[in-house]
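Trainee: Read off the chains here:
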Amino acid sequence: MTREEKRTKVAIHFAGDSGDGIQLAGSQFTLTTALQGNDLSTFPDFPAEIRAPIGTVAGVSGFQINFGSEEINTPGSNPDVLVAMNAAAFKKNIRNLKKGGVLIANEAGFDKRNLRLAHMDESVNPLDELHSSDYQLYRIDVTRLNREALDGLELGMKEKDRSRNMFALGFVYWLYHRNLDPTLQFLSSKFKSKPVVLEANIRALKKGYHYGETIEAITRYRVEGAKLQPGTYRNIVGNQALGMGLIAASQKAGLDLFYAGYPITPASDILHFLARHKNFGIKTFQAEDEIAAITASIGASFGGALGVTATSGPGMALKGEAMGLSVMLELPLVIVNVQRGGPSTGLPTKTEQADLLQAVYGRNGEAPIPVIAAQSASDCFFAAYEATRIAVEHMTPVILLSDGYIANGAEPWRFPKSADLEKIHVPYFKGKEDYLPYRRNEKLVRSWVLPGQEGLEHRIGGLEKEKESGNVSYDPDNHEEMVKIRAERISLIANEYPALKRVQGPEQGRVLVLGWGSTFGAIKVAVRNALAEGMLVSQLHLRHIFPFPNDLKDVLSDYDTVLIPELNNGQLSKLIRQEYDTRVIALNKIKGLPFGADEILKKIGEVHGD
Amino acid sequence: MTREEKRTKVAIHFAGDSGDGIQLAGSQFTLTTALQGNDLSTFPDFPAEIRAPIGTVAGVSGFQINFGSEEINTPGSNPDVLVAMNAAAFKKNIRNLKKGGVLIANEAGFDKRNLRLAHMDESVNPLDELHSSDYQLYRIDVTRLNREALDGLELGMKEKDRSRNMFALGFVYWLYHRNLDPTLQFLSSKFKSKPVVLEANIRALKKGYHYGETIEAITRYRVEGAKLQPGTYRNIVGNQALGMGLIAASQKAGLDLFYAGYPITPASDILHFLARHKNFGIKTFQAEDEIAAITASIGASFGGALGVTATSGPGMALKGEAMGLSVMLELPLVIVNVQRGGPSTGLPTKTEQADLLQAVYGRNGEAPIPVIAAQSASDCFFAAYEATRIAVEHMTPVILLSDGYIANGAEPWRFPKSADLEKIHVPYFKGKEDYLPYRRNEKLVRSWVLPGQEGLEHRIGGLEKEKESGNVSYDPDNHEEMVKIRAERISLIANEYPALKRVQGPEQGRVLVLGWGSTFGAIKVAVRNALAEGMLVSQLHLRHIFPFPNDLKDVLSDYDTVLIPELNNGQLSKLIRQEYDTRVIALNKIKGLPFGADEILKKIGEVHGD
Amino acid sequence: METNGTAYTAKDFSSDQDVRWCPGCGDYSILKQMQTVLPELGINRKDLVFISGIGCSSRFPYYMNSYGMHSIHGRAPAVASGLKAANPDLSVWIITGDGDGLSIGGNHLIHALRRNLDVNILLFNNEIYGLTKGQYSPTSELGKYTKSSPLGSIDHPFNPLALALGAEATFVARTVDRDPIHLREVLKRAHQHKGTSYVEIYQNCNVFNDGAFELWTDKRQKGAHSLILEQGKPLVYDGGKKGLRLDGIRPQIVDMDNDYSESDLWVHDEKDSVKAHILSRFFDKDPTPETFPRPFGILYSEDRFTYETAMQNQMDKALDLQGKGDLDDLISGKNTWTVE
Amino acid sequence: METNGTAYTAKDFSSDQDVRWCPGCGDYSILKQMQTVLPELGINRKDLVFISGIGCSSRFPYYMNSYGMHSIHGRAPAVASGLKAANPDLSVWIITGDGDGLSIGGNHLIHALRRNLDVNILLFNNEIYGLTKGQYSPTSELGKYTKSSPLGSIDHPFNPLALALGAEATFVARTVDRDPIHLREVLKRAHQHKGTSYVEIYQNCNVFNDGAFELWTDKRQKGAHSLILEQGKPLVYDGGKKGLRLDGIRPQIVDMDNDYSESDLWVHDEKDSVKAHILSRFFDKDPTPETFPRPFGILYSEDRFTYETAMQNQMDKALDLQGKGDLDDLISGKNTWTVE
Ligand SMILES: Cc1ncc(C[n+]2csc(CCOP(=O)(O)OP(=O)(O)O)c2C)c(N)n1
Ligand SMILES: Cc1ncc(C[n+]2csc(CCOP(=O)(O)OP(=O)(O)O)c2C)c(N)n1
Ligand code: SF4
Ligand code: SF4
Ligand SMILES: [Mg+2]
Ligand SMILES: [Mg+2]
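If you read the protein sequences in the order shown, they are chains A, B, C and D. Residues in the first sequence are numbered from 706 upward in steps of one, following the numbering used here. Residues in the second sequence are numbered from 706 upward in steps of one, following the numbering used here. Residues in the third sequence are numbered from 23 upward in steps of one, following the numbering used here. Residues in the fourth sequence are numbered from 23 upward in steps of one, following the numbering used here.
One or more of the hints may lead you astray.
Below 27 Å or equal to it, Euclidean Cα-Cα: the simulated BS3-like pairs (lysine-lysine) are [claimed, not checked]:
#, chain 1, residue 1, chain 2, residue 2
1, B, Lys-1148, A, Lys-1296
2, C, Lys-155, C, Lys-54
3, D, Lys-169, A, Lys-897
4, A, Lys-796, A, Lys-817
5, A, Lys-863, D, Lys-169
6, A, Lys-1189, A, Lys-1148
7, D, Lys-346, B, Lys-895
8, A, Lys-1308, A, Lys-714
9, C, Lys-155, B, Lys-797
10, A, Lys-1189, B, Lys-1296
11, A, Lys-957, A, Lys-1128
12, B, Lys-817, B, Lys-797
13, B, Lys-1148, B, Lys-1135
14, D, Lys-241, D, Lys-216
15, C, Lys-293, D, Lys-307
16, C, Lys-169, C, Lys-210
17, B, Lys-912, B, Lys-895
18, D, Lys-169, C, Lys-339
19, A, Lys-1308, B, Lys-1189
20, C, Lys-297, D, Lys-264
21, A, Lys-1189, A, Lys-797
22, A, Lys-957, C, Lys-356
23, A, Lys-863, D, Lys-155
24, C, Lys-33, A, Lys-1137
25, D, Lys-346, B, Lys-957
26, B, Lys-899, B, Lys-912
27, B, Lys-863, C, Lys-241
These are calculated hints, taken from the structure and not from any lab test.
Model the full structure from these sequences, guided by the hints.
Mentor: Structure (structure tokens):
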């Protein structure tokens, strides 16, 4: 007989071979759960290889989702449920599983061969070794049961086994009272053209679902919908949100979007996404390399489009020279860096925040470029929108920093109406003549003339220019003045920032936890708990990193200590130390993984303590 | 009748058309003066165009030399003598000439055509306008006199006029009691194959020299040899010294020098210099671009050579990704940046120090690379030597910063004996087996095995590596540990620095003038004068910028204020603020020109005042 | 892109900036011919854009009274591709040098050629790095003595036209600074070609590589060494004294005075890629009696769809398939839920 | 570089790292054939180096028990050039992909080819970006549907062999992962060639571009579509049923059964650059009866001095002219003066 329990929060980790369709199962569970009104946060974690060797630990692909009836800000560190499709998946993740948690293991994945591939003792099945007290163990021979379920279908064993993920997913759906329809719809459209495969997946899913009933003394869990802010929601992935933000901004600015990119993990999906939306007047250009990508974007901006390029660390390193050119040209340009583990090729599929100083300083000469960062999957939309606004209204390149974690992560999003998005004003030249390319308005922004405009023909380039005419000038005083003007015009942008708002915590206190980018969620949970424990701690998260907000100085001065958690070796800490004299303590994690809230909470405790 | 006067210091500025051979005249005067035992400092200043339009101000090429019987550290700001070959040269430089200074003007260069080209009033000859009290004016019709001198030679007018520079030079030689022989020797070897041209130049030089006697009421000046430290001296230009430093270091390390470069002003001369010295076992490779240059150098280092590449700002911006690779590979590599005016293409032939932050931070991921700087033309030798020593002994890329000013500038050099240069130890792997590519010694340096060594075959690359084996590893903890190790091993280099020595000034005081790179000379003069005026000021100049010397903190703390003069918008200031809490005041000049000592002295006064 | 009646003169295309090339530089002549031929091309000045990289030659845009960008070293083809794709109505001219276009910029050049946007690439080939004061370039001959090759260059040079043909170019031509009429004619044809027109222009750098092309510019010698290509005409040169025929796949120099008549000769067909290939390989440096003449004119031209047309077609197709994009639909997506 | 008696087996060349390509990937076969053929090449393992860029294919060096470097994307030819120039005794193999070698690395590739160092370039062409999960590459066919070209690619692809010929390559060959014997033979010839050997290897990416080369690997079809080149042999294929002849410069497919005998056919001569050019252009995608077969084997090979030899000669010459460099003479220079 089946028991029922309620939960306010559950973290499930799906793990299996790269070939096992774990990412698909994970994203389906996410969509379904989102549609059931839970708040959630996900973290896909896959190997650098396309399909790392079968059965090996290196080849394990994982997907963790944390969902609940309460607010969720991180994918959670220790899952309540582990779905292990094979021994390697078990070996890699079992130590994280909460004591007393649910372990769903695919028996067939623990045979001698799989144990060997996972470099485990072949003579003992680790599942036999577990103390039943430690976990709620469900040993299911998914492979066999699934094959039975697909009996009679015109499919080879290989093809049949491909739907094992659906069987497992079905079982988890049952366990957590999930609704099958969204996935059924998804399958029908995905396998439109392959009716037999479709049938197989549907059967597998349903069979897994109903399998639950056949087990006795099993507990099912209910996780009510979350009391989120009223409104209409959707589920969103970071790179998708970023692409949408670019589209929205270009539309609001009345500019055609020209996107040039060279594929690189984890930025490629932005190219893929935009390429599917040409009906918004978007032109996508797959360039021969990152240098061609940014220079083509510059060319497009010169032609009157909104030039955008996206890449990751190694690609950024190649764009430095062209960024300098865009600084000289003073044309709108958005440069996106979806950061990954470095240095060099580093850890291509892992997340990191180590390209911040490169973004701020990685060019020859005095070449200031605004730098802003996205803090969550859905925030990628607003960050992209703000980056574009600054680029267009200030005629400047802007660097937008995201990272692998939020780029691939998903969360529910109370999305905005396009009508509510602020308008973006393009500083076109209004006159008919006397155009001086580098004459500036009160914000030191030059006005924009496009090729094709009669009588306003002009030339621009990368050599130093005479103050207003923009003609080449080697005059010493002019050079110094131009360097100062380029610095000044960027610093003026800070005047437009909204006043800084603490995310939570008192106006003054012992510790200010200052963050940027994807650490937002983990910091939020940590600070919430710290406050609950009665600590005098607040949270401030930066959207704009260069130039810093004018009011940052005051906020910092309201706290004894500023704690800066970063997924790098202390880069924002350096920038803060360089600008402000406050007591800075850095909390650095450089493991290619996001922070766990507990790691930050612990540190807050220490800092608050001393 | 001719008067004689003594001078302890004279600054002469030669100016004329790009085509007038000003640079050659200047360098000959330099060599001659050096050989006469004067201390000196020079500053060539030419237009970006190869031969900018004749007669225009944009086309003026200048060469300033400051020499004396006392110590000379800068080319001097306001010359005592101006040689103006045409109106444009006059227009551009007359305001700098000291009141009462000597003005040597080529009459023929002030005709209507030249006045028009210089955008000056054609109706009046500016020479007529000068108050004889203001300057000692020598109006010489160099063109005519020179043609007369070459009368009968088998040369067209054009060719004849080409030796005008020698005529003018000869006159200046006479005026300052210079010895003709060095230049005569130079000419004979330069025009070996062209006897007529040789004859023309010799005649011109001598005619100019003897012309002096024909003028009455003229003053000649004696500038005795300088009381320099005893020893043997030579005259040296920065890029040449840098090339020699590389050769010397490679020889002392017992490594073949492999240099790959792509031409770029002002770094190209390093390639030219090394290409002429293949007899030192040097291989030079003119690559298709800067990326190929650095990666070819990396390949050569992998093969057991000393890989070196040099470029300037825009080229550095392109090398960023490959620098990251070299950080991962932990192979010796020297990367030279002869800085020029930026950003972007900027001011290619002007000097600047604005690539410092790029050198320290311009890469993706946590990729620490030591950064060191050369402080004068001759110091380029020792800086290159030190860069190589660190690169080899620590198996790391090293960035060496020079700039256009010292790269092209010259000074006397009490050069070292090769025997006195410290040995450079190469951390070759001693064993025969059990080689782990990333096993480290106590300095965290891995040992070096070259392809061709039996039984030690191994693979390296840009992906994160397992701690000792160097195998690819995506393990989170290993990544963090490796990032820390790479940071630690670079910071350990600072333990080997010699203790910091103030250049001058008290152990404690009001103001410490902290500099790096080519500002050394100007700061030295400024601080000397400030001390003479009784101010409590000292000078400290940094060879090593990253990592900072361990004892820098203490030195800084001995002064109330640290004044940092830089030819940029305050980059070292940022780095100092970020590391130390001392009162930093920045003095920035961004005009493509070196500091004048007076500019710095003035600022010292202000700072010392408040 | 056509002029709305505006009749231009050469002067209309010269900017107010004073030209800063060395006296005697071949670049002057190219600039002049460009300004002279433009009025005939019927391009409205407002739609005219010159994009260059870095080098002496790349200063060109500053001297043209049109839109222009002096970009960075080697990247002009990429900049121009973005510009043309963003606004296909513009007449885009890429100005590059043998270093800018074939050394650092080689990759962008070959990719531009295969993509075939309707732009014109003018490669000023002086077989030297001019602006950096005289190092050998990818087109410098073997053994060339320069600042960076004091013992002579050991780099086997590129054959700029063979490279372009190998890179899928649809229009490949050669001309020379000292032949104004031919230069103008080729520029005109380059403009008319729909697709990427690649024109190598021999340009004398009188300061660092003077006389590099004397064989083909010197009055006395050029006749015997230059082969002027004309569509549909037999290949004759040296004032009609010499001709070329094909013996199978082997080109042959024949004396016209005796045994051969024009009807025996190879007839130029710029649509024939094999012939173009053979012509592009007439490339020997030091002349012997057997040396083939250097061809000038249009070696090859092919009609192929342009990149920007294909791009536009896809935009239209996307509209058909998906309908005009609606921002709110995009943002909300298909699966939403509401919290009261 | 020759083995000092050491007799190797394939096993000696496989490293301890587990291979991480997808099951069924064509890379496995190439790896295996390389390890199998190496013992025959007489290279001492200590002198063997593999340099790669980034991509699935570029993982290759990790699996070879030799020296190796997995460098950065597109730069392997430059890294290898520096390595070979620094130590000419090494046997240097460059492993690259159609993206690594022809997209981001295109410029280094063509410059390596013209310089002609004695290295071997193996271009694993799977007509897709594998490691980044399936975008079209510079060799993907027009209209290809990929993640980055949802409406089909509009980029006219490179012809990798024609590009190499245009870039002055001295050894140009094609082979395929599924034909072990041919693959080994070509690798052997590549090694033997003194100069840069450029080998395009058709490689099946069974995950993102499965069957791209079926025409030339599928038992049933390949006969009719593959032309195996053998020096000095007439061009016959389709089990001898079909042959190729040259009608002037025009290649022609002829039926052997009737009117034509082998003596009428085009005889393969890998030294003939024009023939190589024509062969390289047998490149149509979708087969029709008129479609020319795809040539496999050595299309072209030419003897030209290698870069490192020329470099060494200059080093020697420098020694003759200047004598062995003396450090103190260098530092002091010719003009010195002494201060007492
Ligand atoms: C990134 C970068 N590298 C190098 C340079 C230096 N540079 C400027 S022009 C040039 C080559 C010029 O040769 P070419 O393209 O043939 O033009 P030319 O001056 O001969 O007309 C070089 C190497 C630069 N400006 N930028
Ligand atoms: C500078 C840089 N840009 C982009 C990437 C991402 N990237 C890695 S491999 C690759 C292309 C792989 O295609 P190919 O060379 O054909 O190799 P394959 O995987 O198909 O064997 C790309 C774009 C990178 N690693 N570095
Ligand atoms: S250096 Fe040569 S190419 Fe450059 S402007 Fe002078 S003559 Fe012309
Ligand atoms: S993705 Fe394709 S090329 Fe890469 S390993 Fe898998 S099958 Fe091979
Ligand atoms: Mg050139
Ligand atoms: Mg590929």
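Trainee: Can the restraint linking Lys-912 (chain B) and Lys-895 (chain B) be considered satisfied, given a maximum Cα separation of 27 Å?
Mentor: holds (20 Å)
Trainee: Please verify whether Lys-1308 (chain A) and Lys-714 (chain A) have alpha carbons no more than 27 Å apart.
Mentor: It holds: about 24 Å lies between the C-alpha atoms, which stays within 27 Å.
Trainee: Are the Cα atoms of Lys-155 (chain C) and Lys-54 (chain C) separated by 27 Å or less?
Mentor: The given pair, whose Cα atoms are some 24 Å apart, holds under the 27 Å limit.
Trainee: For the pair supplied as a hint, Lys-155 (chain C) and Lys-797 (chain B), is the alpha-carbon distance within the 27 Å limit?
Mentor: holds (24 Å)
Trainee: Take a quick look at whether Lys-293 (chain C) and Lys-307 (chain D) sit within 27 Å of each other, Cα to Cα.
Mentor: holds (21 Å)
Trainee: Between the alpha carbons of Lys-863 (chain A) and Lys-155 (chain D), is the straight-line distance 27 Å or under?
Mentor: holds (22 Å)
Trainee: Holds or violated: are the alpha carbons of Lys-169 (chain D) and Lys-897 (chain A) at most 27 Å from each other?
Mentor: Given pair Lys-169 (chain D), Lys-897 (chain A) holds - Cα atoms ~19 Å apart, limit 27 Å.
Trainee: Check the hint pairing Lys-863 (chain B) with Lys-241 (chain C) against an upper bound of 27 Å on the C-alpha distance.
Mentor: Status holds; Cα separation ~24 Å.
Trainee: With a cut-off of 27 Å on the C-alpha distance, tell me whether Lys-957 (chain A) and Lys-356 (chain C) pass.
Mentor: holds (22 Å)
Trainee: Are Lys-169 (chain C) and Lys-210 (chain C) close enough, with their CA atoms no more than 27 Å apart?
Mentor: violated (37 Å)
Trainee: Check whether the Cα positions of Lys-1148 (chain B) and Lys-1296 (chain A) lie no farther apart than 27 Å.
Mentor: The given pair, whose Cα atoms are some 24 Å apart, holds under the 27 Å limit.
Trainee: Given the hint that Lys-863 (chain A) pairs with Lys-169 (chain D), does the C-alpha gap stay at or below 27 Å?
Mentor: holds (25 Å)
Violated hints, in rising order: 14, 16, 21; the structure is consistent with all others.
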